[in-house]
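Enquirer: Chain by chain, the residues:
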Amino acid sequence: MKGYIGEFEELVLLTVASLGENAYGVSIKEDIEKRSDRTISIGALHSTITRLEEKNFLKSWLGEPTQERGGRRKRYFELTQQGKVALHHVKDLRDELWKLSKTNLSLAK
Amino acid sequence: MKLKSTIHPPKLADRLFEWSCENASIEDLHGDVEELFYADLKEMQAWKAKAKYWQRIISLMLSYSVKKRKKKSSFSTYSNSSNNYTMISHFIKIAFRNLVKNKAFSVINILGLSIAISCCVLLTLFIKDELSYDRHFSHAERIYRLTTMLKTTNGQTSILQRSSPPIGPALLAEYPEIESVTRVVKDLSTAEQLLKYKDQFFYEKRGYKVDSNFFEMFPYEFVEGNSAKALKQPWSIVLSEELAHKIFGNKSALDELISMPTNSDTGVFKVTGVVKRTNLKSHLDADFYMSGLEDELQFYTTWATSNFVFTYLKVKNGTNAQNLIAKFPALMLRKGEKENQAMGRKKILGLQPLLEAHLYSKHFQNDIELGTSGSITYVYITAAIGFLILLLASINFINLTTAKASQRAGEIGIRKAIGAQRMNLFLQFIGESLGIALTSMVVSFLLIYLALPYFNTMVQKDLEINTQNFMFVGEALLAFALITGLVAGAYPSFKLSSLDTVRILKDKKLRLGSSNWIRKGLTAFQFSISIILISSIIIIQQQLHFVQTRPLGFDSLNKVMLPLRTSEATNRYLQFKNEIKNIPGVAQVTACSNSPSTPAVNDWNFYPAGKSENDGVSHYIVYVDEDYFKLMSIPTVEGRDFSFPGDAINGSTPQGRRVIVNRSSLLKMGIDPAKAIGTKVLFATSNTADEIVGVVEDFHQFSLHKPISPMIFYASKDTGVFHQSIIALNAEYNASTIGKIKLAWKKLMPDTPFEYELLSESIQRQYENDQRISTVIAFSTFLAIVISCLGLYGLSIFIAENRTKEISIRKVLGSTVIGIVTLLSKEFLQILLLSFLIAVPISYFVAYEWLKNFACQITLGPGSFLVAGAISFAIVMIVISYESFKAARVNPANSLKSE
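Line by line, the protein sequences give chains A and B. The first sequence begins at 1 in the working numbering and counts up one residue at a time. The second sequence begins at 1 in the working numbering and counts up one residue at a time.
Rather than coming from a laboratory, the hints here were simulated on the basis of the structure. Some clues are possibly wrong.
What the hints assert, rightly or not - Under the rule of at most 20 Å between Cα atoms (straight-line distance), these lysine to aspartate or glutamate pairs were calculated in the DMTMM-like manner:
#	chain 1	residue 1	chain 2	residue 2
1	B	LYS42	A	GLU54
2	B	LYS72	A	GLU54
3	B	LYS48	A	GLU30
4	B	LYS71	A	GLU30
5	B	LYS42	A	GLU53
6	B	LYS630	B	ASP555
7	A	LYS34	B	GLU43
8	B	LYS68	A	GLU53
9	B	LYS52	A	ASP31
10	A	LYS34	B	GLU27
11	B	LYS717	B	GLU568
To be verified - Sample of chain B residues facing chain A (criterion: CB under 10 Å; computed from the structure):
#	residue
12	PRO9
13	ASP14
14	VAL33
15	GLU34
16	GLN55
17	MET61
18	LEU62
19	GLU241
C-beta atoms are modelled at their ideal positions from N, C-alpha and C, and glycine is treated no differently.
Looking at chain A on its own, in the form it has when it is part of the complex:
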C-alpha cells in the first residue's frame, strides 16, 4: 500500500513537525523519550529517519557548526508534502475507524 507508515515512523514524523525549525537527531530523540516515556536508541532513530528520507517523507539540510558537538554540524529535518500526505492517510484511516466503531470507545462509564 502506498504511503504506508509504521507507528514509530508516524511518531517521528509528528515529532519533527512539532519541533518545527529545531528538528534534529538529539532533539527528536529527547522529545519522543519525554512524551512517550520510553528510551530509544540513537541507531534505531537514525535508521528510521533514513528510511523516511528514502520514502521522501522527510527532507534534510546541514546547519551551522556548534561548539557542544565538537564543531560538527547538525542535520535538520523537515516534513515534505508527501510526508504530510502520508500523515493524513494514517489520520484519515484512524478517524474513519473511530467513527465506524460499534463499541462505545468513550472512557466515561
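Knowing the structure of chain A, use the given hints to seat chain B on it.
Expert: Same frame as chain A, now just chain B:
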C-alpha cells in the same frame, strides 16, 4: 576529581566509528552522539557517560542509516572510496578458479612450499633448543667456566675446559670481583657408572661429584628435598626425576640409600633431593649429583697437573671478564710455575662464558665434556639447509607463477583496459601468492606433527610441540609463510603488473623477455644446489665407508669387550680369566686399561735419556695384561712382546720398568728404530727411567678423526688398573659361548652385572656423529631433489603446452618423436650442464673442508662429481621425458585444429 569540562568522549570509539564508516558522511550522526555525551556528563559519572557513548557508537555503526550512507558514498562520483568488498571477493574468486584450473601447478606450489616451510619450522625448533642451553639460570651471563691452556716449549698448545683442583677456591680468595666458585668432577675412567639399590643395578651415564654449593650457583628446581641443604652432608646424592622414577617408581626417594660399587667410589649415599624434570636444558644436566667433592679434592695441592676439575666462577655485577683474565698470569707466576716449567710447559688460565659452554666447546682437547655438547657449526649447517630448502621452494613458486602467467595475459590486459592501476594488479598477485603460502602453512602444520618423531630420532633430540611453545611454532609458521609469500610473490607480481596493455591484448600472449633468462638462471641455481648436495652425500658416504673398512692396525673381528666396572670385577679378573679360558669357542683372554675406541688421557710427557724435559712428548699410557698384542694381532716390529710375570709391574715397582712403545712414539721422540731396544725413557716430574723392550706397529687407538699418537704400554700385574677385559672368540663360538662366559661371571662376581659389547661395534660408535650429519644431509638432499623435481616437472608441462603448435607443425613436416623429445629436453640439458660447471668447484671446496676433520681421508677424485652429475642427468631426464613424450605423441591434427 577531574573537571567535567576537560572530559572528552573516548577517542578509540571515535576512531572506530570513523574507520567503520569509511568515507560516508556521518558528521551529523557523530555530532548527535557527542551532544548526548555532554548532556549525560551533567547527570552521571564520567565512566557511565563514556560507556553510553560506546553503546551509542556501536548502535549507530550497526544501524541501517550508516549502512545506507556508506552505500551511497561509494557510488558517488566525488567519493574516492572504491567498492573494495566486491573487488576483493572477485579477486578471491579468480584466484580460487585459477588454483582449480591448474591443478598440477597448484599442487606443486602448495606441496613444495609446505615441505619447505615445515622443514624450516622443524629446523628452527632444533636451533632454538640448541641456543636455549644454560640460559635459564639466574645471572647466567655472570657465570664463567675456568679454562686451561697448556703451551709446551716446542710449540704444542692444548686447551682444556678443566683445571687443577685448588685453583678455583684460590681465585675466590684472591679476587674480590668473584662472587662464588663451584666445582664439578666427572669420573673419566668409565663411560657409565653403576648404582645399586637393594639388589637392583642401574647404569647411568651422567653422574657428577660436585661442591656443596653447586645448587646455589645452578638453582635447579627440586621436587623433593631442599636444594640449599641437599649437598651439605658428605655421602649425599641428588637424583634426576627420571632416575628417581626408574629406581623408586612412584615412591618417595628421600632418605633411601644407594650404593656405588664402582672402582673409585665405594660407599653408600643417602638420597637428599630429586631435581625436577623440565624443558630447560643445561650442559650440566645429569642423572645424579654426589656431594663430598671438597673432601676428595682437599689433598690436591698441585697447580700444574691433575687438570680434571670443571670449575665455575660467578663474578660480581659489572665485572669485566677480560680484566679478570688479565690478572691470572701474575697469580700463576707465584703458583705452580716451577712445576709447570719442570714439565716444559706454560699454563694459562682463561674464562669461557657459561652461555658458550654448550655450543662453543668443540676446540677443547679430548672432547671430554659434561653431558653432550652441541656445535655451533652444526647449528649453522642446519640454518643453511633450512634456508636453501626454502629458497628452492620459492624458486619453484617464482618460476611456475611467471610461466603460468602467460595464460593470464587476457585477464591482465582486460583489467588494465578497464582501469586497474598497476598497484591494484600488484596487490592482486601478491595477495594470491600470500593465499597459496597461507594454505601451505596449514598443510605444513600437519606435516610438522607427522614428521616430528622422525626428526627427533634424526637429530637425537626430544623436541615436542606443547602448550608452551605452541605459540612459537605458530608464529614461526606464520613468519615463514608470510616471508615466502611476499618474497616469492614479489617478482612475478611486479613483472605481471608492468606489462603493456595494448600489446598483451593484441597478442594474447606474454612476451616476458628477460624473465626467460631469470627463469633459466633460477633453474640453474636449483640444479646446482641439487648437484652439490648429491655429490656431498656421495663423498660423505665414501669417507664413512673408507673409515669403517680401513685396516686399523689390529684385528677387531670376533672380539668381545667386558667392562670391569667394579673393584670386585678387577679383583677377581684373574680367576675369571682362568675359568673361561677353557670354554669352547674362547680363544684367548686378556685385559687392558684402555682398549681401542675407549677414552684415554695423555697427560704424560716422555723423553729419551740424554734429552731434556723440554723435549717431552705426550703419550697415551695403556696398561695391558698378558697376550694383549697377540690377541689384538698387533705386530711387533722391534724387540719382543712382554713376558709375564717378569715384565709386569705394579704401583710399587720403582725402577727399571720395561715398556713397549709404538712406532709413532719413536718418531716423535727422535729415536732410531734400529737402536730403540734398550733405550731408556723418562717422564717429567719423575726420574724413573723405563727401558724400551719392544716396538709395536702403529694402530688406531682412536677414531680416524685423529692421527695416530705416541703410545706407551706397561705390563701390569695389578689388575686394578684394567678397565676392560677382551676375549677373542674363535670360529666355533656361538650363543652358548657367551652364555657360559656369563655363567662364570655370575659365579665369580655376583655383585657386578654382566655386560659385553663387540669391539667392532664400539669402534663403529665413534662415527655416530658423522652418521648423524650424513643422515641430515641425505634427508635434506632428498627434500631438495623432491622440491626441484616438482618445479622441473611444472616447467616441463608449461614448455610442452606452450609449444604445442610448434610441435604439431614439426610433426606434420616429418619430425620424429625422438627428435621432438630431444628438442624439448635440450633447453634443460643446457641448464644442467651449466649448473654442473658451477656446482663442481663449490662442492669440491665444501668436501675438502669437511674431510679436514679426518686424519685419514679419501682422495677427492672426479668420480664422485661425475656420479652426482650422472644422477642429476638421470633425474632430469626422467622428470621431463614424461611430459615431452606426451607432447610429442599428440596427434598434430587435434592440436592444430583447436588453435
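Enquirer: Assess, step by step, whether the Cα of LYS630 (chain B) is no farther than 20 Å from the Cα of ASP555 (chain B), and give holds or violated.
Expert: Roughly 10 Å separates the two Cα atoms, so the pair holds.
Enquirer: Within 20 Å, alpha carbon to alpha carbon, are LYS68 (chain B) and GLU53 (chain A)?
Expert: At roughly 11 Å apart (the allowed maximum being 20 Å), GLU53 (chain A) and LYS68 (chain B) satisfy the hint.
Enquirer: Are LYS42 (chain B) and GLU53 (chain A) close enough, with their CA atoms no more than 20 Å apart?
Expert: 33 Å, violated
Enquirer: Taking 20 Å as the top limit, are the C-alpha atoms of LYS71 (chain B) and GLU30 (chain A) close enough?
Expert: 29 Å, violated
Enquirer: Given the hinted pair LYS34 (chain A) and GLU27 (chain B), is their Cα-Cα distance within 20 Å?
Expert: 25 Å, violated
Enquirer: Would the pair LYS48 (chain B) and GLU30 (chain A) pass a check requiring their Cα atoms to be no farther apart than 20 Å?
Expert: 19 Å, holds
Enquirer: Hint validation: PRO9 (chain B) versus chain A, beta carbon distance must be below 10 Å. Holds or violated?
Expert: Where the cut-off is 10 Å and the nearest Cβ of chain A is about 8 Å from PRO9 (chain B), the hint holds.
Enquirer: Are LYS52 (chain B) and ASP31 (chain A) close enough, with their CA atoms no more than 20 Å apart?
Expert: Cα-Cα ~19 Å, so holds.
Enquirer: Has the given pair, LYS717 (chain B) with GLU568 (chain B), been kept, meaning a C-alpha gap of at most 20 Å?
Expert: 16 Å, holds
Enquirer: Between the alpha carbons of LYS34 (chain A) and GLU43 (chain B), is the straight-line distance 20 Å or under?
Expert: 16 Å, holds
Enquirer: Restraint: LEU62 (chain B) near chain A, CB-CB cut 10 Å. Satisfied or not?
Expert: 6 Å, holds
Enquirer: Check whether the Cα positions of LYS42 (chain B) and GLU54 (chain A) lie no farther apart than 20 Å.
Expert: 36 Å, violated
Hint violations for this structure: numbers 1, 4, 5, 10 and 19, all remaining hints satisfied.
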